[in-house]
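**Q** Just need the whole structure built from these sequences, with the hints factored in.
For the protein sequence lines, the chains are A and B, in the order given. Yeah, the first sequence ends on 313 if you go by my numbering, and it's all consecutive. Yeah, the second sequence ends on 97 if you go by my numbering, and it's all consecutive.
If you're looking for bench data, these hints aren't it; they were derived computationally from the structure. Even glycine gets a Cβ: it sits at the ideal position worked out from N, Cα and C. Check each hint, because a few of them may be wrong.
For the chain A half of the interface with chain B, some residues (derived, Cβ under 10 Å), not all of them [claimed, not checked]: (1) Val12; (2) Arg30; (3) His33; (4) Pro34; (5) Val36; (6) Leu39; (7) Glu48; (8) Lys145; (9) Ile176; (10) Gly179; (11) Arg185.
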Amino acid sequence: MKFKDYYEALGVARTATDDEIKVAYRKLARKYHPDVSKLADAEDRFKEIGEAYAVLKDPEKRAAYDQVGSQAKHGQDFTPPPNWDAGFEFSGSGFDPNSADQSEFFEALFGRHARGRQNQNMNAKGQDHHAKVMIDLSDAYHGAKRSISLQMPSHDVQGRVVMQERKLDIAIPKGIHAGQHLRLRGQGGPGVGTGPAGDLYLEISFKPNASFRIEGRDVYMDLPITPWEAALGATVNVPTPSGSVELKIPQGSNSGRKLRLKGRGIPGLTPGDLYVVTTITIPPAESEQEKEAYRAMAKAFDFNPRANMKVSS
Amino acid sequence: MSITNIQILEGSIVENEIHMTITELCHATNAAEEHVIAWVYEGILNPTGHSPDDWRFSGDSLQRALQALRLSRDLEINTPGVAMVLELLDEIARLQK
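**A** Okay, here's the thing in structure tokens:
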């Protein structure tokens, strides 16, 4: 296990006051909040600073952390000394019930906290659970049966929180897209008393795909074409997510031309569109015959692509 | 670690197929009812119906409510602030299209 420097995570000195810690956290939280930030690592950074703040804002936890951390450096291998927490009394849980992703380091120091609120009623519906799942784009086009595995915290007989792996076989409905939720009735937490079980909400996202970019229901793909197909027009075969299509490239298509295939995006009541973006790819001139062809083009055209550029001498 | 296996589950796409009552929305998001009511009066959520008891929230409200909840909790923003952040995020998404 690696030691985590919570002061470094928030960019404050070890001597920082509570107010300085709060200001530093707020600034970073606004910058990296996953609902606001477009940075690729925003979610991980946000968890890191959230964890750091949860410890440093709490005088008891901060004192305990300072005690074990006075010698250690960030990223160093770290094992908490035996009985390190003797003499510290942590008052209550005080933890955000939703911060289920505490690091191993955090759990070793402060333990794992059970999530969620307690139901007061004798008979109540179980908790609704949330999880994220990644699917293939083709699953959204055709629908699919997939096996997913989820890590869920649950209580063992001694009341400790343990991670339980749960395998679910689910039907992915045709037409679902990233950001949407799939509700599975009765697959959440167990009910209390005679109450029914809660529901499980799966938030869908797409696995990264080298060939296609996805925006809502619309799908984008690059299509390499030759200079003569671009100039003269052509009909080419395009492997789209919903199968091969013959696509007409209009004559005079430059690189970056967007050709819309209506309704060939992600299916649904209002299906998305597929955009094919042309990329002109030039063939290498290796043989004498190929070089001659380029020279013939140079002779045939009076063309300067830099005609509009002001060239400084 | 134990492994549980069950049959193939069919779900519903929340955004397309589901309307929720205030109780269901609160249960799904773990948000307090008074928060959801405040979000409706601030225009963050737009259910049909005239009083909390007969409000029906469209499936999109789930994502919206989760966002509002995270923003108010993580950044300690009050309700008008959350509404403004969400409107600005919508505006950014619209401009980027």
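**Q** Each hint: holds or not?
**A** Status of the hints after comparison with the structure:
Look at valine 12 of chain A: its Cβ only gets to about 18 Å from chain B, farther than 10 Å, so that hint breaks. Annotation: interface hint on arginine 30 of chain A holds; nearest CB of chain B at approximately 6 Å, less than 10 Å. The beta carbon of histidine 33 of chain A is positioned within 10 Å of a beta carbon in chain B (closest approach about 6 Å), and the interface hint is therefore held. Using the Cβ-Cβ criterion of 10 Å, the hint placing proline 34 of chain A at the interface with chain B is satisfied: the shortest such distance is roughly 8 Å.
Annotation: interface hint on valine 36 of chain A holds; nearest CB of chain B at approximately 7 Å, less than 10 Å. Because the beta carbon of leucine 39 of chain A sits about 14 Å from the nearest beta carbon in chain B, more than 10 Å, this interface hint is broken. The interface hint given for glutamate 48 of chain A is violated, since its Cβ lies 13 Å from the closest Cβ of chain B, which is over the 10 Å cut-off. Because the beta carbon of lysine 145 of chain A sits about 6 Å from the nearest beta carbon in chain B, less than 10 Å, this interface hint is met.
For isoleucine 176 of chain A, the interface hint holds, the least distance from its beta-carbon to any beta-carbon of chain B being 5 Å, beneath 10 Å. Annotation: interface hint on glycine 179 of chain A holds; nearest CB of chain B at approximately 7 Å, less than 10 Å. Among the interface hints, the one on arginine 185 of chain A holds; its C-beta lies about 8 Å from the nearest C-beta in chain B, closer than the 10 Å criterion.
Checked against the numbered hints listed earlier, the structure breaks hints 1, 6, 7; every other hint is satisfied.
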